[in-house]
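J.: This is what each chain is made of:
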Amino acid sequence: MNTPTWAVELDHVTKEFRGSVAVRDISLKIADGEFFSLLGPSGCGKTTLLRMIAGFENPSSGDIYIEGVLMGETPANRRDVNTVFQSYALFPHMSVAENVAFGLHMKNINKADIATRVKQALDMVQLGAFGDRRPKQLSGGQQQRVALARALINEPEVLLLDEPLAALDLKLRKEMQLELKSIQQRLGITFIFVTHDQEEALTMSDRIAVMELGKVLQVGQPTEIYERPKTRFVADFIGECNFIDGTVLAVENGAVTLETDGGVRVVGTGMFPVAAGDHAVLAVRPEKVRLVEGQQPQGTNVFAAIVERVAYIGSDTRIIVRLPDGSPFDVWEANTVSTLDPNQYYTAGDPVYVTWATQNSLILER
Amino acid sequence: MAKILADKRIETKHGRSRPVAKRHMPWGTWALTLNAIFVYTFLYVPIIVLVLFSFNAAKVGSQWQGFTLQWYNELFADARLGDALWTSLKIAGSSTLIATTIGTLAALALEKRGWWGRKTFDTALYLPVIIPDVVMAVSLLGFFTLAFRQFQALIGLNLAMGLWTVIISHVAFNISFVTVVVGTSLANFDRRLEEAAADLGATPWQTFWRIKFPLIGPGVLGGALLSFTLSLDDFVVTFFTRGPGVNTLTTEVYGRIKKSISPEINAISSLMLLASTTLVVTSLWMQRRRQG
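So the sequences go chain by chain: P and X.
According to the numbering used here, the first sequence is numbered sequentially starting from 1.
According to the numbering used here, the second sequence is numbered sequentially starting from 1.
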């Protein structure tokens, strides 16, 4: 294995629908056995991309390779990939077992083998006792598992999942996230997972491609995407983020100083080449900001502010403060101490100082 | 309104008085109720009378002279009627078979997206549904006459009206009904199931027979039953397009009624009513039945 094989390779893939561009010139390489997520808001082209890999749509230009083989216009039924649909798309006139067996029937595998494998597949998703039921008689979560078993029984090279957990309630979704991840690791199948839920993508993926308006903005591991976003959109879409616009004053050892229109100076780590006079934006995540009461702390990135709103959400307290120039700023504090003392919590109107370390804030393109 | 509320008060159990709106029916509601009563009277009284008199012992007249099954007995012994029934069934059966096949295929074609004439064809298919029977009948008669003349002039073939012209005519109007009914069940069909089947390795042919057809099956059967009923009940089109000697139940009844309304006619009509109602109800039930 000198040359690495890619489970899926997209080479300058573009898809247009009657003049509107759904996918713009995307090139991606997805490794064998990888859990790869396509993450973006609705309408960003992630589902279209998935449908092209599945063979339901053909690219307007560009090439798709699956396991090194050029797909061209190979129809869906002759591709070694299977899909778990958002709506599950279970066949309503067949039992659960018949649904799961469908793919093997199409391959003319003998009946005895089919029966054994259907049983294994249903056991894997903990639905061993439900083979005779109709899909309608199952809950949403159970239908989801049937759809998963129906796809996985074919042992595809690549499993495509189109927002499969979107219809489930929060608790079930969390359970299924862990279960999907463990199944994927056990079977070693490449998963391509489409989602608009950034937390879901961060939890499950080996790598994530963040998409917007048909383009891939950034590809990377969850930590890279979250801690080193390359653009303002990525920083904003993944998690929460505060932004401060300004003009570059100085660059020193990777630390970039910005001056806002109001004349305030902030310092952050430069993420792209900048020179004095450039416009840029400082991005800092709310959990990396500290609030200080009383004495003004020393150092850079210190602002006097007034607490405007406090939301206690259990594990954290989310505080919105207002900076001197009037802009709101999010700060999250972990509730590391168990107490009912009201003095331990901020209330609206409290005067505070907002501060963060230079290495915790990034300077991005505006 | 506020005045009504304030004027009328009743005592509640707890002794407090509460305002009550005065109940009165507006004249519009009265008029509509009266109208509804008239409509149902006009619709059903003749039918009820017909069914009642098919059990009336009196041979002539409108006097009730006791209950009898005599007319039904005579009916079953009547060979001419038996022949007419057989002819009706032959026409209904074959025209249903042909119309269901063509109509289903038409519905499948109309469902495919993105071809230019789709909307036009879709609308054009409704024409036989809304056109008066007699216009349909006359145009078919005109068509056959013209076609026969052309055949004779061009290839010297002598064609004549017969059973087959009635069947073709029934196919012509039944196609529309089948297409509409099957089209409805196709509209309820989830296209993603086709993608799911293809994704699992099914060819388009396998996808159709294993997924699509079983799921639209009740619609196709419903269309067929409706078509069978319409064919069985048709008089006007049959009357215009039949050849000599072709006699269906409806034309037979018409022939007899020209002489007099006999209790026997009442009995045939009652049976036809029963058969049609059963078929239509079954057809609706088939269409409504959900799979799974």
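Among the clues, some could well be false.
Cut-off 30 angstroms, straight-line C-alpha distance, at most; resulting in silico cross-link-like pairs (BS3-like, lysine-lysine) [unchecked claim]: (1) K111/P <-> K112/X; (2) K136/P <-> K112/X; (3) K107/P <-> K212/X; (4) K119/P <-> K174/P.
With beta-carbon atoms standing in for the labels, derived distance ranges [as the list claims (entries may be wrong)]: (5) D123/P <-> D190/X: 27 to 35 angstroms; (6) D123/P <-> R192/X: 23 to 31 angstroms; (7) I109/P <-> A124/X: 41 to 49 angstroms; (8) K107/P <-> P132/X: 54 to 62 angstroms; (9) Y40/X <-> A115/P: 53 to 61 angstroms; (10) R191/X <-> V337/P: 32 to 40 angstroms; (11) A115/P <-> W205/X: 24 to 32 angstroms; (12) E73/P <-> A187/X: 27 to 35 angstroms; (13) R191/X <-> K119/P: 40 to 48 angstroms; (14) I109/P <-> G243/X: 51 to 59 angstroms; (15) A115/P <-> D190/X: 23 to 31 angstroms.
Rather than coming from a laboratory, the hints here were simulated on the basis of the structure.
We put the beta carbon where it would ideally sit given N, CA and C, even for glycine.
J.: Are the hints correct? Go through all of them and say.
T.: Status of each hint after checking the structure:
1. With a C-alpha separation of about 35 angstroms, the suggested pairing of K111/P with K112/X is violated against the 30 angstroms cut-off.
2. Restraint check: the Cα-Cα separation between K136/P and K112/X comes to about 28 angstroms, which is no more than 30 angstroms; the hinted pair holds.
3. The hinted pair formed by K107/P and K212/X meets the criterion: a straight-line CA distance of about 19 angstroms does not exceed 30 angstroms.
4. For the proposed pair K119/P and K174/P, the alpha carbon gap of about 26 angstroms is at most 30 angstroms, so the pair holds.
5. Separated by about 28 angstroms at the C-beta atoms, D123/P and D190/X satisfy the suggested range of 27 to 35 angstroms.
6. One distance hint, 23 to 31 angstroms for the beta-carbon pair D123/P and R192/X, holds here, with the actual separation near 27 angstroms.
7. Separation of I109/P from A124/X is about 47 angstroms and conforms to the stated range, judged on CB atoms against 41 to 49 angstroms.
8. A hinted range of 54 to 62 angstroms for the beta carbons of K107/P and P132/X is consistent with their spacing of about 56 angstroms.
9. At about 58 angstroms, the beta-carbon gap between Y40/X and A115/P stays in the expected band of 53 to 61 angstroms.
10. At roughly 56 angstroms, the beta carbons of R191/X and V337/P sit outside the given window of 32 to 40 angstroms.
11. Checked against the hint of 24 to 32 angstroms, the pair A115/P and W205/X passes, with Cβ atoms roughly 25 angstroms apart.
12. Hint check: E73/P to A187/X, Cβ distance near 29 angstroms, so the stated range 27 to 35 angstroms holds.
13. Distance hint for R191/X and K119/P: a CB-CB separation of about 31 angstroms, inconsistent with the stated range 40 to 48 angstroms.
14. Checking the proposed 51 to 59 angstroms range against I109/P and G243/X shows it holds: the Cβ atoms sit about 57 angstroms from each other.
15. Checking the proposed 23 to 31 angstroms range against A115/P and D190/X shows it holds: the Cβ atoms sit about 28 angstroms from each other.
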